[in-house]
Amino acid sequence: MQGTSKNDLIIRIGGEGGEGVISVGDFITQACAHAGLNVYTFKTFPAEIKGGYAMYQVRTSTEQLYNQGDTFDVLCAFNGDAYHNNRDFLKPGTAIVYDSPGDFTPDIPEGVHAYPIPMTETAKDMRNPRAKNMVAMGALSVLFNIPVESLRKVLTAKFSRKGEEVVKGNLEALERGRELAAALKKTDPWTIGAPKSAQDVIVMSGNNAIGLGALIAGLDFFSAYPITPATEVAIYVAKHLPKRGGTLIQAEDEIASISQVVGASYAGKKAMTSTSGPGLALMSEMLGMAFMAELPIVVVDVQRGGPSTGLPTKHEQSDLFLAIHGGHGDAGRIVLSVENVQDCIDLTVVAFNLAEKYQCPVILLSDGSLAFSTQNVPYPDPGSYKLVERERWNGEGEYQRYLLTKSGISPMTDPGTIGGAHIATGLEHNEDGLPSYTSVNHEAMQDKRFRKLKNVVNDIAPVEVDAAQGVGTADLGLIAWGSTIGVVREALQHLRAEGYKVSGFYPKLLNPLPVQQFEDFGATCKRLLLPEVNFQGQLAHFVRAETSLRPESYTICGGMPFTPEMIVKKVKEILA
Amino acid sequence: MNAILHPQMHLHKVELKPKDYKTDAPSFWCAGCGHYGVLTGLLRSLAELGVDPNFLVSVSGIGCSSRLPYFVNSYKMHTLHGRAGPVATGVQLARPDLSVVITGGDGDGFSIGGGHMPHLARKNINMIYILMDNHVYGLTKGQCSPTSRTEMQTTTTPYGGVEEPLDPIMYMLTYGATYVAQAFAGNVKLASQLIKEGMEHQGFAFVNLLSQCPSFNNIDTAQAFKDACEEVPAGHDASDLSAAMNAVNAAKQAGRIPTGLLYKTERPTLDQRMAKLVEGVGGSKNYDLRKIIDLARP
Chain X
0 MQGTSKNDLI IRIGGEGGEG VISVGDFITQ ACAHAGLNVY TFKTFPAEIK
50 GGYAMYQVRT STEQLYNQGD TFDVLCAFNG DAYHNNRDFL KPGTAIVYDS
100 PGDFTPDIPE GVHAYPIPMT ETAKDMRNPR AKNMVAMGAL SVLFNIPVES
150 LRKVLTAKFS RKGEEVVKGN LEALERGREL AAALKKTDPW TIGAPKSAQD
200 VIVMSGNNAI GLGALIAGLD FFSAYPITPA TEVAIYVAKH LPKRGGTLIQ
250 AEDEIASISQ VVGASYAGKK AMTSTSGPGL ALMSEMLGMA FMAELPIVVV
300 DVQRGGPSTG LPTKHEQSDL FLAIHGGHGD AGRIVLSVEN VQDCIDLTVV
350 AFNLAEKYQC PVILLSDGSL AFSTQNVPYP DPGSYKLVER ERWNGEGEYQ
400 RYLLTKSGIS PMTDPGTIGG AHIATGLEHN EDGLPSYTSV NHEAMQDKRF
450 RKLKNVVNDI APVEVDAAQG VGTADLGLIA WGSTIGVVRE ALQHLRAEGY
500 KVSGFYPKLL NPLPVQQFED FGATCKRLLL PEVNFQGQLA HFVRAETSLR
550 PESYTICGGM PFTPEMIVKK VKEILA
Chain L
0 MNAILHPQMH LHKVELKPKD YKTDAPSFWC AGCGHYGVLT GLLRSLAELG
50 VDPNFLVSVS GIGCSSRLPY FVNSYKMHTL HGRAGPVATG VQLARPDLSV
100 VITGGDGDGF SIGGGHMPHL ARKNINMIYI LMDNHVYGLT KGQCSPTSRT
150 EMQTTTTPYG GVEEPLDPIM YMLTYGATYV AQAFAGNVKL ASQLIKEGME
200 HQGFAFVNLL SQCPSFNNID TAQAFKDACE EVPAGHDASD LSAAMNAVNA
250 AKQAGRIPTG LLYKTERPTL DQRMAKLVEG VGGSKNYDLR KIIDLARP
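Those protein sequences? They're chains X and L, same order as listed. Per numbering that gives the first Met the number 0, residue 0 is the first one in the first sequence, and the count goes up by one each step. Per numbering that gives the first Met the number 0, residue 0 is the first one in the second sequence, and the count goes up by one each step.
Don't read these hints as lab results, they were simulated from the structure. Wrong hints could be hidden among the right ones.
In silico lysine-lysine, DSS-like type, Cα no more than 30 Å apart, as pairs [stated by the list, open to error]:
1) 290/L <-> 238/X
2) 16/L <-> 225/L
3) 157/X <-> 290/L
4) 242/X <-> 275/L
5) 185/X <-> 195/X
6) 275/L <-> 290/L
7) 284/L <-> 16/L
8) 290/L <-> 152/X
9) 290/L <-> 161/X
10) 225/L <-> 242/X
11) 500/X <-> 447/X
12) 385/X <-> 284/L
13) 242/X <-> 284/L
14) 195/X <-> 290/L
15) 122/L <-> 238/X
16) 447/X <-> 385/X
17) 238/X <-> 275/L
18) 385/X <-> 290/L
Label pairs and their calculated CB-CB ranges [to be verified]:
19) 163/L <-> 252/X: 22 to 30 Å
20) 453/X <-> 154/L: 39 to 47 Å
21) 225/X <-> 252/L: 38 to 46 Å
For each residue, glycine too, the CB sits at the ideal point set by N, CA and C.
Here chain L stands alone, though its shape is the one from the complex (with noise of 0.2 Å):
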């Protein structure tokens, strides 16, 4: 390995602004898209944590909010459509001393990649998701996706749809993720503090960002993800599962969507456990593979 690799990159901290941290890549997203809030929120956070972007490697899958590691300074990776979650579990296996950030959308991570969320979260693995939730497929052009709201008419709910949503708050309190979070993108303060603390988190952070479709959703605008959103009285205990749960409920009854960090807990994370595993067992790049050899001998 000819690279510098740096043991500790938490330890590591850079100082750096916001704005070098951004790449030079043109833009993608349509006027008033909230996903610029989104951004703009991320590069905050990633300044006020100095975190080295030779160290930051930065995940998605595909959608719209997938495009968004092109304009990140950092190692990144655009993947497939859902599988974003597997490919940053493999990065940050691989190399725990990496800060990993996943980003990507409703569809792409409750529809066709809803399969790896469980894993995502009670495996613990030590990264932020963002999940930028607009409440409809984007890059098709303007499909219902598993957040759509059943009233909103879509290009294939032409007469208005028929599915319930899922709450992706709700999954990850059961599936167990250990921070878990949520804000309107278009307020930047509160979305780069989340973020910024659920970088910080030891283990897997979730945190979930309403973000308004100006082209294709019509009904959860930026105005009315602004009215809706409510944040958790400031008593609420975030240590708590099921005042997390109770509290998502109660908003929901009376039409309100709660935000703020709903949920945080502290596990050993699955690269700690793995670490600890391999201790165990006196594992080392040197261990002799003759002593395994031998083992097959007659």
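Chain X extracted, bound-state conformation (with noise of 0.2 Å):
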């Protein structure tokens, strides 16, 4: 769909692991943000940690983008194996860039424009055989008009560390590229546009956001353990937390990733720890107990596939249950959802922000393709983020750890507080903290412990609509969450122009659910569709539980993400 318009393009890089694949795609990513375009990129990597094949696609354009797109416009090949994996996406009209001779013979299908460059062979020519990859990006800057000044640039910025010889040879390497493609005859009409102007950017995978907006959130204390695909937040924050003169530690495991959280929240500290699926999985208890003892903390969840070990490293919305509802014995807490790196910054500072002023854990999910997604994002100023610092005991009178306020929310103290000794409990208890199993005190505790959250929907902006004006009733109203939300808004513009009449919400709040406002969305649309990518169709199932709506799911669990074409076909199926 990315072909109506040529200032959209999609190029995808394929190879064997370790052969440049990741460092061309993050060159051109860089390159064209760099020179003012808009960027989205997908990757996807094998479990195995050497060899497999490793895929790294750049869309690039000067719109704004919401998410990795349908499929290439160009796909540059380095071996056999990407070759065979893409074949099937070489429809008319896409080009093929790949390495001739190599170790396959491409058999090119009718109206494919293929541009055989000798990437290895020139390498190995130049005595640099690791800059096949050079090559390769050389000639693709000349048929696609990737912005070879940037390219140069945060090429030379990146080898600059290795030395001069290094930097030489991989410029020589990417002029060589060039000289070959010159040499070509250019028979597709794909190209990037000239960007409109320079941008004040930064461009960051989702991971690094979700660490970037801790630090921005005033994180004082981290700790996880490593686990795919989530682990990227822990390098960030390591790298970062001791330059603020926070905390970081590597726990034993998850359980004690999410203790130790606990503890240096009690001890007064802003703590959050990052996980993936299985890990939250072991921290259940203690989100109990964090609920029960009232301590803010919030706890990141980078989606995998599953059940089990699953798919490590593919792209899944499937714990929504369990970050939900994953417990013992009826405890609350606050879910929110991201659905870019943007998100992934600002919802990160609201988790924090939620977390402190509700003193209960907030699970932020994130998911698998987002987790390694490179997006640019407008520079963020840290001091127009407004925080929020839990309530403290202001030393009045015979301080009360667990007092029942109107609100539910009762001020705490950190440890050193004269007069503020209290003690934080997993059993059920009274005011003052001491145990107590009485019904009229665990039904008045329990009241309280929820009622903080009802207020929660005020905290957090109102849930977008997405929706043509003056439309009146759309046909269908899709609901969607997590980074899915980015495949509908593009395939709404498509259906739109082709004169459906479809509306979008795209709650990021998804418990306490903002039900009123679902209803009020609901009651705009003659039929709702969801799509999400899992099994059991578990959003799906939650709206049909907490508000009066019968959304019809669609759901997919192959590993990837939708694509907007596959939203637009769904629709126009139920429409038809």
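Join these two chains into a complex; the hints should help.
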């Protein structure tokens, strides 16, 4: 569908892990963003550590981008694996740039524009076999108008640490690739448009952006255990939190990491952990304790394919049930989900604010494709974010940690506060924190802890409604969450251009569910569709349970995100 | 922060009597329980050290012994079964100015929480862990624990046990604890002395207190513990790890329980190492976030 605009180009680079596929993707991404273009990348990589097929896809445009796109316009195949894996997607009109002579002889389908480039051979001739990817990148830059000045700049910046020789070698390989491509006759229509004007942007992956959001929010303490695809959150925080004077510890397991976070929160600090589904499952018991003892903590879950060990490097949105309901004994928590890199920054700050205000666990759901997707976002002004601190005791009168207040929120004290000593306990307790198992007390305390959460909806932006102006009742309304939102946004643009009356609803707060806003949206649609990447239709279940709405479920779980084309097709089927 | 926070608790002493550290929470343990001795020993050490209750955090997991924090005047956390270690780690690293005390049982520490023990010791978290070892699960009314003697009959070993017990002391010596001591809980004088020294110690201090359970363990009685305990000889070199291990082994072979200070060494604590790391990167609350954000410019 991106073919409707020549300003919107998708290049897919494929090859053997370790051949420089990721570097080429990163360079093109950085160069495009540097030149003022928008970027949205998508990667897949094997769960194994060495070898295997690696893929990096860069979508770049002069217009705002919301997702990875349907498929590629240009394939750059470093080897036979990359060619064979993508053979079925070579539609008439697409282009392929491939290594020739290489380890394969492609059988080019009718209508596909083919550009053989001697990548391996040229790099060998230059006595720099590792620069094969630079030769390929040089060819791509000529064929598809990748901003070459920016490319040279980011390349030089990246390799300068390795010395002048390395920079020179790579630049030469790049130029050689350009010469080779210039000698070929361009037959395809694909070209990157001229950027409108350079913007002040940063380019980040979803995982790094969550780390940045946490730093902006005032993160003091971080503990995590390595797990794909969440590890990069910890890596980012490990690098930068010490600069802010904070504490990072790698725990012995996920139970320990959330326990340490609970301890640090009790000690008065803003604390967070990050994990994926298997780790979140292990944390369930301590999430209950944090709710019971009313301790503010932030838990990031970068979802991956399940169940069990599942598909560790693949995309899925299948931890919603666990995030909302996982755990024993009627415990609550706040659950947020992020759509894109911008959300990863902004909603991480919101997660801390809500945790601090409501003194409870906040789970932030991201997902496997967003984890590694790099996108450009406007340079964030850290001073522009509103930050919330927990309400602390004013020192007047006798302190009661679990004082029954109208809002349900009771002031806290940090250790060291004179007169503020108290116990944080997982046992049911009275206002003083002492064990109390009377029915009157338990009901009052459960009501207190859940009463707090009723106001959460007022502390977060209203759910975005994506509706064409003056259309009136939509024939179909789409409800989406997480990175699926970006796919639905684009699908709706295409559908509206074809005259369909469709609208979208994009909740970021998933628990407690903003029920009234769901009802209001439902009232503007004849039918509802809820696409999500999991087998059971988890959000659809929850919406049916919590509201009067009966959305139809559209689920996939093939380890990949939806594409706009899939949504368009489904909507057309329903409205046929 | 509206709190009056003292930067260096360890230098901030108060003058209180042992009873001033005791809350009026109603008694929880059975008559004749060894845990009363542990509590008395702890209160006495706190008074002798002059620990400010406002800067003391008492952390426990689940079990009879894990109720101890309710009886201590301090900040405190009664957490989950087996998780006192990592929770206390979070408290200590977040606020190195606090005194952190863990109290818990043998099942809590070495069965469900066993996976955390090596890391408290090897990371040298600056706190004291008082194990209240009664060789049985008391709160669930008498099941075998990882320190139960093989011959013991319990509700889950009605025909006698089939497993070997573990020795918490040998584990802690191996895991790298920097202060390892043991006493009979009924010997309040020795117990409180070891707790006191353990609290003064900079690093992870492990004190195993053998504590009888009169309700569910009829073989490890107070008298049995008292008879088996034997202080390490005056010439014991507590700075020598092999000597400590040999002393434990020799006592065991003779059917005795070695008590007193078994091992003590000095090593930087984790919070000290982290503070150094932060210093090394010029870290502070005022570090300009823009310098970090700039790194993500294309």
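Here is how each hint holds up against the structure:
no. : hint                        : verdict
1   : 290/L <-> 238/X             : holds, 13 Å
2   : 16/L <-> 225/L              : holds, 28 Å
3   : 157/X <-> 290/L             : holds, 18 Å
4   : 242/X <-> 275/L             : holds, 12 Å
5   : 185/X <-> 195/X             : holds, 25 Å
6   : 275/L <-> 290/L             : holds, 21 Å
7   : 284/L <-> 16/L              : violated, 39 Å
8   : 290/L <-> 152/X             : holds, 20 Å
9   : 290/L <-> 161/X             : holds, 23 Å
10  : 225/L <-> 242/X             : violated, 53 Å
11  : 500/X <-> 447/X             : violated, 44 Å
12  : 385/X <-> 284/L             : holds, 17 Å
13  : 242/X <-> 284/L             : holds, 8 Å
14  : 195/X <-> 290/L             : holds, 27 Å
15  : 122/L <-> 238/X             : holds, 20 Å
16  : 447/X <-> 385/X             : holds, 26 Å
17  : 238/X <-> 275/L             : holds, 15 Å
18  : 385/X <-> 290/L             : holds, 20 Å
19  : 163/L <-> 252/X: 22 to 30 Å : holds, 25 Å
20  : 453/X <-> 154/L: 39 to 47 Å : holds, 45 Å
21  : 225/X <-> 252/L: 38 to 46 Å : holds, 42 Å
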